[in-house]
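Enquirer: Residue numbers (the numbering used here), protein chains in the order written: chain L, 1 to 294; chain W, 295 to 578.
No wet-lab data here; the hints were simulated from the structure. No experiment lies behind these values; they were computed from the predicted model shown. Hints are not guaranteed to be accurate.
Taking lysine-lysine pairs in the DSS-like style, the calculated list, with each CA pair at most 27 Å apart, reads [what the hints assert, rightly or not]:
(1) K396/W - K434/W
(2) K122/L - K501/W
(3) K352/W - K328/W
(4) K206/L - K328/W
(5) K352/W - K206/L
(6) K352/W - K501/W
(7) K328/W - K430/W
(8) K452/W - K396/W
(9) K206/L - K396/W
(10) K396/W - K430/W
(11) K122/L - K82/L
(12) K122/L - K61/L
(13) K206/L - K221/L
(14) K434/W - K378/W
(15) K434/W - K452/W
(16) K452/W - K206/L
(17) K122/L - K434/W
(18) K180/L - K122/L
(19) K55/L - K82/L
(20) K206/L - K501/W
(21) K501/W - K434/W
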Amino acid sequence: MRNERLSSRIVPVLTIVAIIIAIWYLAAIWMNAPFQRDLDRRGNVTSTTMEFVGKTLSQPKPVVPAPHQVVQNVFENTFLRKVTSNRSLVYHSWVTLSSTLAGFAFGTALGVLIAVGIVHVKALDRSLMPWIIASQTVPILAIAPMVVVVLAAVNVTGLIPKALISTYLSFFPVAVGMVKGLRSPDLIHLDLMRTYNASTWQTFWKLRMPASMPFLFTSMKVAVAASLVGAIVAELPTGAAAGIGSKLLAGSYYSQTIDMWAALIAGSLLAAMLVTIVGIGGRVVDRRMGVQAT
Amino acid sequence: MPDHITRTNLRTHRTHGWPHRMTASPASVVSARKLGLTFQTNDGPVHALSDVDLEVEKGDFVSFIGPSGCGKTTFLRVIADLEKNTGGEISVNGMTPEEARKARAYGYVFQAPALYPWRTIENNVALPLEIMEYSKAEQKQRVQRTLDLVNLAGFGNKYPWQLSGGMQQRASIARALAFDADLLLMDEPFGALDEIVRDHLNAQLLKLWATTEKTICFVTHSIPEAVYLSTKIVVMSPRPGRVTDVIESTLPRERPLDIRETPEFLAIAHRVREGLRAGHSYEE
Chain L
1 MRNERLSSRI
11 VPVLTIVAII
21 IAIWYLAAIW
31 MNAPFQRDLD
41 RRGNVTSTTM
51 EFVGKTLSQP
61 KPVVPAPHQV
71 VQNVFENTFL
81 RKVTSNRSLV
91 YHSWVTLSST
101 LAGFAFGTAL
111 GVLIAVGIVH
121 VKALDRSLMP
131 WIIASQTVPI
141 LAIAPMVVVV
151 LAAVNVTGLI
161 PKALISTYLS
171 FFPVAVGMVK
181 GLRSPDLIHL
191 DLMRTYNAST
201 WQTFWKLRMP
211 ASMPFLFTSM
221 KVAVAASLVG
231 AIVAELPTGA
241 AAGIGSKLLA
251 GSYYSQTIDM
261 WAALIAGSLL
271 AAMLVTIVGI
281 GGRVVDRRMG
291 VQAT
Chain W
295 MPDHITRTNL
305 RTHRTHGWPH
315 RMTASPASVV
325 SARKLGLTFQ
335 TNDGPVHALS
345 DVDLEVEKGD
355 FVSFIGPSGC
365 GKTTFLRVIA
375 DLEKNTGGEI
385 SVNGMTPEEA
395 RKARAYGYVF
405 QAPALYPWRT
415 IENNVALPLE
425 IMEYSKAEQK
435 QRVQRTLDLV
445 NLAGFGNKYP
455 WQLSGGMQQR
465 ASIARALAFD
475 ADLLLMDEPF
485 GALDEIVRDH
495 LNAQLLKLWA
505 TTEKTICFVT
515 HSIPEAVYLS
525 TKIVVMSPRP
535 GRVTDVIEST
545 LPRERPLDIR
555 ETPEFLAIAH
565 RVREGLRAGH
575 SYEE
């Protein structure tokens with residue numbers, strides 16, 4: 001039963017992965033072929049089709065690196081380097097992760113705080129919501145360098161400016177989700193509290209907060225991914241010395257396409273890991289709150 | 295069996311009707327005089343209640359029966375201060391409904407069990423006790439006692455979804471009984487349950503009423519339920535919601551389920567049905 005469920009979940013995922021890898025290989029051959037043909041013509045090399053395909057998949061600076069090149073790069077820079085090394089993906093991931101987590105923590109706290117205010121204070125409900133939505137229409141790429149530069153001018157550098165960008169991106173889904181969550185209790189549940197003459201805070205802690213938990217974890221999943229994007233974006237335009245963003249930037253400067261793709265993979269894995277952890281946290285809370293196992 | 299319940303004053307009043315006088319008895323738990331409630335809607339005012347005069351005395355079991363829209367639930371909600379009357383006067387335990395609510399004078403049982411899904415049954419029953427800041431030991435003891443009272447001992451650590459609908463509703467009754475309110479307001483608590491479960495719960499409720507000596511106001515759609523349970527039946531009619539008949543039950547307080555086959559029972563049920571019909575013809 002359990003095995004059946006596992007395989008029924010994994011098989012479709014693996015199928016899609018296989019299809020993506022196949023397309024990726026074809027794209028790599030197709031995109032790298034012109035350069036390889038050029039190279040062969042100049043060097044007066046003639047090769048069989050198989051040899052030619054092999055060469056398109058092993059260029060040092062390909063237009064599209066082949067999957068195995070990227071995997072090899074990720075493997076080497078993750079496991080074969082010292083974690084303190086500037087080439088280690090673990091090192092760069094950690095730099096990005098630390099500001100992601102700080103920003104995510106701030107953002108979640110801020111989002112919850114704003115939601116609590118909006119739900120309880122009518123004036124905030126009317127005044128704050130439009131601004132919150134407007135805040136997310138401003139392109140983050142425009143704001144990030146300004147924040148970093150302004151803060152650098154007052155001698156705040158390093159983790160905090162990056163974390164602030166993450167906060168800026170992550171508070172939004174939490175605020176919106178929690179407003180919905182804190183308003184999710186049925187009228188009958190609120191009436192019940194009223195018949196007990198419960199105070200606003202009792203209603204909040206005993207009804208609104210527990211009722212909003214599923215909303216909190218759903219929006220935290222979105223927020224943690226947004227935090228990571230914020231941290232990477234904050235590293236891009238500011239010449240940060242380390243982090244996945246700086247790795248992407250350096251890769252594009254020196255046409256180190258394989259490095260760029262490896263950094264991209266590292267970022268994706270990080271995001272998947274973070275979302276999974278939040279998901280597990282949500283399930284633990286669910287279980288403690290007696291949610292029926294499905 | 296409480297024997298201090300002797301007389302109730304429950305009277306109807308129509309605008310064009312009979313002369314009436316109010317005898318505000320000191321034992322009266324709920325006392326309404328020319329009570330009216332009008333909702334302002336986009337389609338104009340809706341008269342949910344109009345000129346309702348009513349006395350509920352201590353220890354009464356009063357049923358409110360009538361078709362949808364007759365204001366029976368609204369009347370209960372006015373007693374509970376979940377709605378405000380727009381006309382007339384009402385007192386609960388000699389106070390305004392708001393004061394009574396703040397004094398935690400009543401327990402309210404809704405149409406749905408309204409249990410919090412993230413709390414176990416015993417924690418659901420403990421909810422009002424937590425809010426009213428009873429001590430931990432007192433909470434535990436009261437939860438135990440009220441769960442015993444509704445025959446749910448042993449189910450305390452289950453979650454609501456693990457219980458049947460009837461058991462959930464019993465848990466919600468236990469929750470309303472957990473603190474010291476002498477008045478129990480019940481809004482069609484068994485409406486969503488099947489006939490067999492309902493019969494069983496009705497019998498249990500009567501027993502509970504006898505042991506706890508509470509005053510109960512009970513809203514229902516069902517004529518047999520109203521007749522079986524009540525010392526007094528208030529028949530209401532819609533648009534505007536008003537009282538058309540008040541029937542003092544002549545049934546003994548001890549009521550086995552088969553009392554429903556007796557001529558006396560059927561006579562009262564007949565009078566309720568007549569009252570409901572009269573309310574309808576008035577409308578057309």
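Enquirer: Hints first: check each against the structure and report whether it holds.
Expert: Status of each hint after checking the structure:
Among the hinted pairs, K396/W with K434/W is consistent with the structure: their alpha-carbon atoms are about 24 Å apart, no more than 27 Å. Note on K122/L and K501/W: the hinted pairing is violated, with a Cα-Cα distance of about 47 Å set against a maximum of 27 Å. A threshold of 27 Å between alpha carbons decides the hint, and for K352/W with K328/W the separation of about 21 Å falls inside it, so the pair holds. A hinted pair counts as satisfied when its Cα atoms are at most 27 Å apart, and K206/L with K328/W does not qualify at roughly 38 Å.
Note on K352/W and K206/L: the hinted pairing is violated, with a Cα-Cα distance of about 33 Å set against a maximum of 27 Å. Proposed proximity of K352/W and K501/W is supported: the alpha carbons are some 17 Å apart, at most 27 Å. The straight-line distance between the Cα atoms of K328/W and K430/W is roughly 44 Å, outside the 27 Å bound, and the hint therefore fails. About 31 Å separates the Cα atoms of K452/W and K396/W, which puts this hinted pair outside 27 Å; it is violated.
The hinted pair formed by K206/L and K396/W meets the criterion: a straight-line CA distance of about 19 Å does not exceed 27 Å. Of the pairs offered as hints, the one joining K396/W and K430/W holds, with about 22 Å between alpha carbons and a cut-off of 27 Å not exceeded. A hinted pair counts as satisfied when its Cα atoms are at most 27 Å apart, and K122/L with K82/L does not qualify at roughly 55 Å. Only pairs whose Cα atoms come within 27 Å are accepted, and K122/L paired with K61/L is rejected, the gap being roughly 59 Å.
Taken as a hint, the K206/L and K221/L pair is honoured in the structure, with Cα atoms around 24 Å apart against an allowance of 27 Å. Proposed proximity of K434/W and K378/W is contradicted: the alpha carbons are some 35 Å apart, above 27 Å. The straight-line distance between the Cα atoms of K434/W and K452/W is roughly 16 Å, inside the 27 Å bound, and the hint therefore holds. With a C-alpha separation of about 19 Å, the suggested pairing of K452/W with K206/L holds against the 27 Å cut-off.
A hinted pair counts as satisfied when its Cα atoms are at most 27 Å apart, and K122/L with K434/W does not qualify at roughly 38 Å. Restraint check: the Cα-Cα separation between K180/L and K122/L comes to about 15 Å, which is no more than 27 Å; the hinted pair holds. Note on K55/L and K82/L: the hinted pairing is violated, with a Cα-Cα distance of about 31 Å set against a maximum of 27 Å. With a C-alpha separation of about 32 Å, the suggested pair K206/L and K501/W falls outside the 27 Å cut-off, and the hint is violated.
A hinted pair counts as satisfied when its Cα atoms are at most 27 Å apart, and K501/W with K434/W qualifies at roughly 23 Å.
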